[in-house]
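Visitor: Chain residues, written in single-letter form:
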Amino acid sequence: MKGAEFLVKALEHEGVEIIFGYPGGAIMPVYDALLDSKIRHILVRHEQAAALAADGYARATGKVGVCMATSGPGATNLVTGIANAYMDSIPMVAITGQVATSLMGTDAFQEVDIFGITLPVVKHSFLAKTAAELPRIVHEAFRIARSGRPGPVLIDLPKDIANTIAEYEFHEDDTNEESAEPSKESITRALTLMRESRNPVVYAGGGIGMANALDEFRAFIAATRIPVVATLKGLGALPTTDELALGMMGMHGTKTANHAVQTCDLLICVGARFDDRATGRLNAFAPNAKVIHLDVDRAEVGKLRRADVPVIGNLRHALKALTCKLKDIEPWRRECTASKDTHAWDYAAPGTEVYAPGFLKSLSDRAGDDSIVACDVGQHQMWVAQHFHFNRPSQHLSSGGLGTMGYGLPAAIGAQLAFPNATVINVSGDGSIMMNLQELATLRRYDLPVKIVLFDNRALGMVRQWQELFHGKRYSEVDLSDNPDFCRVAESMGIPAFRVEDRGDVSAAIDRLLAEPGPVLAHVLIHQEANVWPIVGPGRSNSEMLHQHEVAREVAR
Amino acid sequence: MNKFTLQLRVKQSEGALVRILGVTRRRRFDLLRLTADTTEDGHFLDIQMTVQADRAENTLVRQIEKLEDVSQVEVIEPDEAGGERRAARSTAH
Numbered sequence: 001m002k003g004a005e006f007l008v009k010a011l012e013h014e015g016v017e018i019i020f021g022y023p024g025g026a027i028m029p030v031y032d033a034l035l036d037s038k039i040r041h042i043l044v045r046h047e048q049a050a051a052l053a054a055d056g057y058a059r060a061t062g063k064v065g066v067c068m069a070t071s072g073p074g075a076t077n078l079v080t081g082i083a084n085a086y087m088d089s090i091p092m093v094a095i096t097g098q099v100a101t102s103l104m105g106t107d108a109f110q111e112v113d114i115f116g117i118t119l120p121v122v123k124h125s126f127l128a129k130t131a132a133e134l135p136r137i138v139h140e141a142f143r144i145a146r147s148g149r150p151g152p153v154l155i156d157l158p159k160d161i162a163n164t165i166a167e168y169e170f171h172e173d174d175t176n177e178e179s180a181e182p183s184k185e186s187i188t189r190a191l192t193l194m195r196e197s198r199n200p201v202v203y204a205g206g207g208i209g210m211a212n213a214l215d216e217f218r219a220f221i222a223a224t225r226i227p228v229v230a231t232l233k234g235l236g237a238l239p240t241t242d243e244l245a246l247g248m249m250g251m252h253g254t255k256t257a258n259h260a261v262q263t264c265d266l267l268i269c270v271g272a273r274f275d276d277r278a279t280g281r282l283n284a285f286a287p288n289a290k291v292i293h294l295d296v297d298r299a300e301v302g303k304l305r306r307a308d309v310p311v312i313g314n315l316r317h318a319l320k321a322l323t324c325k326l327k328d329i330e331p332w333r334r335e336c337t338a339s340k341d342t343h344a345w346d347y348a349a350p351g352t353e354v355y356a357p358g359f360l361k362s363l364s365d366r367a368g369d370d371s372i373v374a375c376d377v378g379q380h381q382m383w384v385a386q387h388f389h390f391n392r393p394s395q396h397l398s399s400g401g402l403g404t405m406g407y408g409l410p411a412a413i414g415a416q417l418a419f420p421n422a423t424v425i426n427v428s429g430d431g432s433i434m435m436n437l438q439e440l441a442t443l444r445r446y447d448l449p450v451k452i453v454l455f456d457n458r459a460l461g462m463v464r465q466w467q468e469l470f471h472g473k474r475y476s477e478v479d480l481s482d483n484p485d486f487c488r489v490a491e492s493m494g495i496p497a498f499r500v501e502d503r504g505d506v507s508a509a510i511d512r513l514l515a516e517p518g519p520v521l522a523h524v525l526i527h528q529e530a531n532v533w534p535i536v537g538p539g540r541s542n543s544e545m546l547h548q549h550e551v552a553r554e555v556a557r
Numbered sequence: 001m002n003k004f005t006l007q008l009r010v011k012q013s014e015g016a017l018v019r020i021l022g023v024t025r026r027r028r029f030d031l032l033r034l035t036a037d038t039t040e041d042g043h044f045l046d047i048q049m050t051v052q053a054d055r056a057e058n059t060l061v062r063q064i065e066k067l068e069d070v071s072q073v074e075v076i077e078p079d080e081a082g083g084e085r086r087a088a089r090s091t092a093h
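If you read the protein sequences in the order shown, they are chains A and B. For the first sequence, counting from 1, position 134 maps to 134 in my numbering; every step adds exactly one. For the second sequence, counting from 1, position 41 maps to 41 in my numbering; every step adds exactly one.
Chain A extracted, bound-state conformation (with noise of 0.2 angstroms):
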């Protein structure tokens, strides 16, 4: 049996059903023990979609995603994928070919030191040295891909070894992944902080998905009724309509969440890292907070705010260990859900232009809680994220760290695969839309019933929006006036399209987004100068948000 087969096997042994690759002249001995396997293979148009599809498979399913490329090009363009899982925390396998063993160190055709260029952006690698050890490190870089802190892990296999030929040894699964329990002193340290606090607020992160403890994170939430916040990846860990939910905190978050924090005297913070989007700036962040901090990786604690008590280990076991009644925050609860009255959704925009949020509102109502977002990085991301209703984290799959323009496409291909049945919605703009447009030759090829929003301001809309409101209206690069007909080109990869013009017709647009059985994309003209409201200026508190009235008031000035 050669190296090739080996891993392929040990593959099929982890349970992997779809690989998302690319081939090549290294990988091909890979692609030849495919043909004898029953994993199937996604052929996509461009490597880095097959990290990103891999990406979104993953975090719709919570299983490992698995994706494949050839050396050279092909590895290095996986590159943004992992580095995307990377700061996600996704879990991922990535598999390179490499050149021959005696050529690796020549500047051989197609070679470069993929081990070395993604140290910084994968949990843990492994090059190939051996074909009888490939089954060990399959199996390892599994476990490792999925345990504590998920994270992608990388495999280099040399042509050699994949060709080598050696007896399969089977790797029999002997390891515990379930991460260790927190303290007990730490629960009870937390426990009394919580007794004591009048104004607590949960700060809810993307560990909550990742470590499967909605349950006990919701039955937390209803024990203590204490108000949640959540970050972008933390959305839908309590469903985004649950009465104590406050939203999204931060640069683009709501005035109720941002304002809960920088009040509350207590921030209880699971799975989450502190991310500078998060916080705004970080010294005025929560000011009169204690802080407790629930994390299985215990390098996240105290690395940029320091954590009075650290509860560290698996959420599970902290949860559960830290549900109880509280007394004392009646009050504080009232008036963060008045609150979000007060500051809640205003819809009638003026014009007569299809009004972005407006749009994601009522396809959030239609789409229904088994839909599935994906979308692409920029103005559109916000919306959706402020705008769609989310009752768990993995229907929402959005690139919250390396911010990825061009995920979203790939990652739908990804959901759309896991769950064929699934209304899967890839909400794009017109930025976005081109960095991985390749990918609706692989929507067609596969036929998958993706929908696709693309919204389109003919500008580089966040980056616009920047340069309008902390620039001077200094606007350098931004225009693509000069987009293609995006109808006309879904079309030509068999892509049914059509566009949206007028607020009149937004109804209408979404009827038959979700009654196209096969793949469709709806091109949604709106207006230029739309902006993400509110925002928290770069380098500034979160308590300075501004808002679109209070701009167009100082500009009136």
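Treat the hints as calculated values from the structure; they're not laboratory data. Ideal Cβ positions, reconstructed from N, Cα and C, are used throughout, including at glycine. Among the hints, erroneous ones may be present.
Stated by the list, open to error - Facing chain A, a subset of chain B residues (Cβ under 8 angstroms, in silico):
(1) GLU14
(2) GLY15
(3) VAL18
(4) GLY22
(5) ARG26
(6) ASN58
(7) THR59
(8) ARG62
(9) GLN63
(10) LYS66
(11) GLU68
As the list claims (entries may be wrong) - A few chain A residues that don't get close to chain B, going by computed Cβ distances all over 10 angstroms:
(12) ASP32
(13) THR101
(14) PRO120
(15) LYS123
(16) THR241
(17) ARG281
(18) ARG316
(19) ASP341
Since the structure of chain A is provided, determine the placement of chain B on it from the hints.
Guide: Frame of chain A, contents of chain B only:
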């Protein structure tokens, strides 16, 4: 500036030393001194490195101890200070 010395043990594996140096640089710690030697059984690399940064030593210690092949991280008094090593922090996978 916070200056300190780490004693590390890492499994002899592809890129082990580079991985540690990479984390050190990425987390903005300056390397002042480094010695490394293979253990007698050949399975591990013992590394002693002195670094400095504006950041707390735990920032680096906790990132290094997360590395898959690192089995031991201790903050010690540097050898040249003489006398006993002080184990301020020790972890093992």
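Visitor: For every hint, state whether the structure bears it out.
Guide: How the hints compare with the structure:
no.: 1; hint: GLU14; verdict: holds (4 angstroms)
no.: 2; hint: GLY15; verdict: holds (6 angstroms)
no.: 3; hint: VAL18; verdict: holds (7 angstroms)
no.: 4; hint: GLY22; verdict: holds (5 angstroms)
no.: 5; hint: ARG26; verdict: holds (6 angstroms)
no.: 6; hint: ASN58; verdict: holds (7 angstroms)
no.: 7; hint: THR59; verdict: holds (6 angstroms)
no.: 8; hint: ARG62; verdict: holds (4 angstroms)
no.: 9; hint: GLN63; verdict: holds (5 angstroms)
no.: 10; hint: LYS66; verdict: holds (6 angstroms)
no.: 11; hint: GLU68; verdict: holds (4 angstroms)
no.: 12; hint: ASP32; verdict: holds (26 angstroms)
no.: 13; hint: THR101; verdict: holds (12 angstroms)
no.: 14; hint: PRO120; verdict: violated (6 angstroms)
no.: 15; hint: LYS123; verdict: violated (7 angstroms)
no.: 16; hint: THR241; verdict: holds (37 angstroms)
no.: 17; hint: ARG281; verdict: holds (18 angstroms)
no.: 18; hint: ARG316; verdict: holds (21 angstroms)
no.: 19; hint: ASP341; verdict: holds (42 angstroms)
Hint violations for this structure: numbers 14, 15, all remaining hints satisfied.
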